[in-house]
Amino acid sequence: MHMLLVALQAPAAPQPAPIVPMTPIGWLFLIASVGSVVFLVLWCFYRVLTAPPDDHVVKPPDALGG
Amino acid sequence: MSSSNQQQWGSRLGVILAVAGSAVGLGNFLRFPGKAAENGGGAFMIPYVCALLLLGIPLGWAEWSMGRYGGRKGFHSAPAIMGVMGRGRIARYLGVLGVLIPLGVYFYYVLIESWCLGYMFKYLSGGIGITGGAAIADQVATSTAVHGQFTGSGADGAVFDLSAGWNSTLLVPFLITVLANVYLLYRGLSGGIETFCKWAMPAMAVIALIVLARVLTLPTDPATPEQNVVNGLAYMWNPHWDKLGNPSAWMAAAGQIFFSLSVGFGVIINYASYLKKKDDVVLSGLTAAATNEYFEVAMGGLITLTAAFVFLGMSLTTLPGGTFGMGFQTLPVVFAHMPLGNMIGALWFFMLFLAAITSSLSMLQPTLAFVEEATGISRKAAVTLVVAISLIGNAYVMYFSKDLTVLGTIDSWVGEFFIVVLALVQALVFGWIFGIRRGIDEAHLGARLRIPRIFEFIIKYVSPAFLIWMLVNFCIDEHSLPAWIAALGENEAARNAVLFIGAVIVFLVVLTAIGEKRWRAAGLDVDGKHPAKD
Numbered sequence: 008m009h010m011l012l013v014a015l016q017a018p019a020a021p022q023p024a025p026i027v028p029m030t031p032i033g034w035l036f037l038i039a040s041v042g043s044v045v046f047l048v049l050w051c052f053y054r055v056l057t058a059p060p061d062d063h064v065v066k067p068p069d070a071l072g073g
Numbered sequence: 050m051s052s053s054n055q056q057q058w059g060s061r062l063g064v065i066l067a068v069a070g071s072a073v074g075l076g077n078f079l080r081f082p083g084k085a086a087e088n089g090g091g092a093f094m095i096p097y098v099c100a101l102l103l104l105g106i107p108l109g110w111a112e113w114s115m116g117r118y119g120g121r122k123g124f125h126s127a128p129a130i131m132g133v134m135g136r137g138r139i140a141r142y143l144g145v146l147g148v149l150i151p152l153g154v155y156f157y158y159v160l161i162e163s164w165c166l167g168y169m170f171k172y173l174s175g176g177i178g179i180t181g182g183a184a185i186a187d188q189v190a191t192s193t194a195v196h197g198q199f200t201g202s203g204a205d206g207a208v209f210d211l212s213a214g215w216n217s218t219l220l221v222p223f224l225i226t227v228l229a230n231v232y233l234l235y236r237g238l239s240g241g242i243e244t245f246c247k248w249a250m251p252a253m254a255v256i257a258l259i260v261l262a263r264v265l266t267l268p269t270d271p272a273t274p275e276q277n278v279v280n281g282l283a284y285m286w287n288p289h290w291d292k293l294g295n296p297s298a299w300m301a302a303a304g305q306i307f308f309s310l311s312v313g314f315g316v317i318i319n320y321a322s323y324l325k326k327k328d329d330v331v332l333s334g335l336t337a338a339a340t341n342e343y344f345e346v347a348m349g350g351l352i353t354l355t356a357a358f359v360f361l362g363m364s365l366t367t368l369p370g371g372t373f374g375m376g377f378q379t380l381p382v383v384f385a386h387m388p389l390g391n392m393i394g395a396l397w398f399f400m401l402f403l404a405a406i407t408s409s410l411s412m413l414q415p416t417l418a419f420v421e422e423a424t425g426i427s428r429k430a431a432v433t434l435v436v437a438i439s440l441i442g443n444a445y446v447m448y449f450s451k452d453l454t455v456l457g458t459i460d461s462w463v464g465e466f467f468i469v470v471l472a473l474v475q476a477l478v479f480g481w482i483f484g485i486r487r488g489i490d491e492a493h494l495g496a497r498l499r500i501p502r503i504f505e506f507i508i509k510y511v512s513p514a515f516l517i518w519m520l521v522n523f524c525i526d527e528h529s530l531p532a533w534i535a536a537l538g539e540n541e542a543a544r545n546a547v548l549f550i551g552a553v554i555v556f557l558v559v560l561t562a563i564g565e566k567r568w569r570a571a572g573l574d575v576d577g578k579h580p581a582k583d
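Quick note, the sequences are listed as chains A and B, same order.
Take the position in the first sequence, starting the count at 1, then add 7; the result is the number in my numbering.
Take the position in the second sequence, starting the count at 1, then add 49; the result is the number in my numbering.
Keep in mind that the hints were calculated from the coordinates and are not lab data.
Hints should not be assumed to be uniformly reliable.
[Claimed, not checked] Pairs of lysine to any residue, SDA-like flavour, derived with a Cα cap of 20 Å:
{"hint": "1", "chain 1": "B", "residue 1": "Lys327", "chain 2": "A", "residue 2": "Ala39"}
{"hint": "2", "chain 1": "B", "residue 1": "Lys327", "chain 2": "A", "residue 2": "Leu56"}
{"hint": "3", "chain 1": "B", "residue 1": "Lys292", "chain 2": "A", "residue 2": "Ala24"}
{"hint": "4", "chain 1": "B", "residue 1": "Lys292", "chain 2": "A", "residue 2": "Phe52"}
{"hint": "5", "chain 1": "B", "residue 1": "Lys325", "chain 2": "A", "residue 2": "Leu35"}
{"hint": "6", "chain 1": "B", "residue 1": "Lys327", "chain 2": "A", "residue 2": "Leu35"}
{"hint": "7", "chain 1": "B", "residue 1": "Lys247", "chain 2": "B", "residue 2": "Gly63"}
{"hint": "8", "chain 1": "B", "residue 1": "Lys327", "chain 2": "A", "residue 2": "Ala24"}
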């Protein structure tokens with residue numbers, strides 16, 4: 008979440024690098040990475056939302072008051 | 050208002066969204082793409098996935114399990130829970146880091162949250178004054194000046210200068226942000242944090258999808274046909290294998306996973322302590338992590354740099370990077386070029402504000418639970434005390450704003466270094482003192498998913514080794530600990546910031562000692578000598 012200041016005032020590159028078009032391996036990384044996290048989040052939420060409701064109602068002790 | 054001891058989550062989905070909300074923050078949209086592009090593009094995903102599997106997910110499961118176990122013992126604060134899990138005083142006092150980290154980060158994080166709100170107000174009232182036809186350098190200078198007004202980085206006390214108008218300073222958005230945080234905190238765990246996260250997280254997802262759709266359908270300027278969406282994606286995702294040989298790429302990946310997932314932050318352990326004995330922690334932990342990864346990889350990885358590339362091309366590499374530079378200096382230039390830029394800019398900063406407030410809420414809750422638990426005062430009194438402490442911290446960071454030295458110093462020590470230390474303590478306590486077999490059995494109580502056996506080995510051996518390697522790197526990297534220590538001798542603001550952190554640590558240690566006496570007097574199993582009851 009943090010390390011916010013890193014590169015805040017990073018030295019600017021003197022010359023922009025040339026544009027490189029998307030390579031097949033670039034597409035592979037993009038599709039595999041994005042596809043994996045989308046699949047994982049959908050699978051997790053499917054499992055969460057289709058799980059039977061909890062039937063254990065156990066209150067923690069309340070010895071401290073407050 | 051009930052005490053923290055009587056608080057419960059309202060639903061399984063609620064706690065997952067609250068933990069995910071805590072994890073999803075500015076770093077998902079602003080820091081991740083920059084780190085990836087800088088450290089190998091698509092190839093960065095290799096160390097990133099390794100860090101996720103070896104640190105993020107297993108340590109997350111350990112924190113969820115420790116929190117729920119501590120809750121069954123009647124505890125909700127990191128010092129008390131660490132004392133139970135670590136069977137004694139050393140772990141208990143090291144657990145103070147689990148309160149210091151979220152509180153210390155809150156001192157400055159809420160200011161950044163206020164910047165997001167302030168930028169949103171500016172876009173709703175006509176933009177931030179960038180002229181699209183001007184030279185890129187002039188546009189960046191304008192956005193940097195606007196950002197400077199919000200940060201007050203020009204001089205100490207600059208944010209209190211109201212001469213530029215109410216919507217050019219931090220004060221109004223800051224007050225609104227603090228009031229929103231306090232109100233939701235005061236409403237309690239279920240009525241405040243959970244309820245808010247249950248609509249804020251879906252809202253954030255919808256806004257991110259709208260912005261993503263806009264970015265992926267951006268037209269190509271015929272004058273610069275090579276500055277198109279596909280080449281923008283290439284800038285982010287084409288792999289650069291040579292970067293993987295550099296340890297800094299692996300440190301960057303581990304750091305990103307850490308800060309992004311809120312592992313070792315003291316939040317998950319507190320949130321999980323309000324679960325019931327047979328509430329699932331394995332699937333919930335994985336779902337919260339997956340949600341964070343969705344926002345980071347699928348949204349942050351497709352939106353930010355792609356949009357910037359389409360309008361700025363490779364000159365993007367010469368513009369301010371990092372979380373602040375990308376978010377508050379470079380992207381405003383992009384919005385100035387974009388059709389419907391003010392609307393998209395307002396939506397974007399509203400989304401960042403939602404991401405930030407769901408995180409900042411989670412930063413005060415552990416302190417609140419700790420104060421209640423240690424002193425026995427009512428929730429209302431505890432909220433008042435915690436808000437007062439946090440306002441002192443906010444005011445300190447806000448006033449001493451010159452060059453953002455104070456903010457940067459607290460971020461370095463608390464938001465970077467102590468997080469890794471706490472994570473190492475937690476890994477050792479869970480894997481070695483509490484016992485990995487017992488820990489995994491505890492995690493499996495009520496679990497909707499089995500933790501694969503390999504993670505026993507990972508949590509016990511690999512994660513601690515990885516964390517020790519990170520700490521060693523911190524100690525030898527000339528830009529990390531050695532530089533921070535050197536700054537203490539050279540820079541008065543940095544020195545005072547560290548003293549300020551030290552004062553907070555002393556305060557928390559004293560509260561822990563007071564709490565320990567109370568807990569022992571109440572007959573609680575402070576040192577974890579007995580099995581947890583239902």
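Results for each hint:
no., hint, verdict
1, Lys327/B x Ala39/A, "violated, 35 Å"
2, Lys327/B x Leu56/A, "holds, 17 Å"
3, Lys292/B x Ala24/A, "holds, 16 Å"
4, Lys292/B x Phe52/A, "violated, 35 Å"
5, Lys325/B x Leu35/A, "violated, 42 Å"
6, Lys327/B x Leu35/A, "violated, 41 Å"
7, Lys247/B x Gly63/B, "holds, 6 Å"
8, Lys327/B x Ala24/A, "violated, 55 Å"
Hints 1, 4, 5, 6 and 8 from the list above are not met by this structure, while the remaining hints are.
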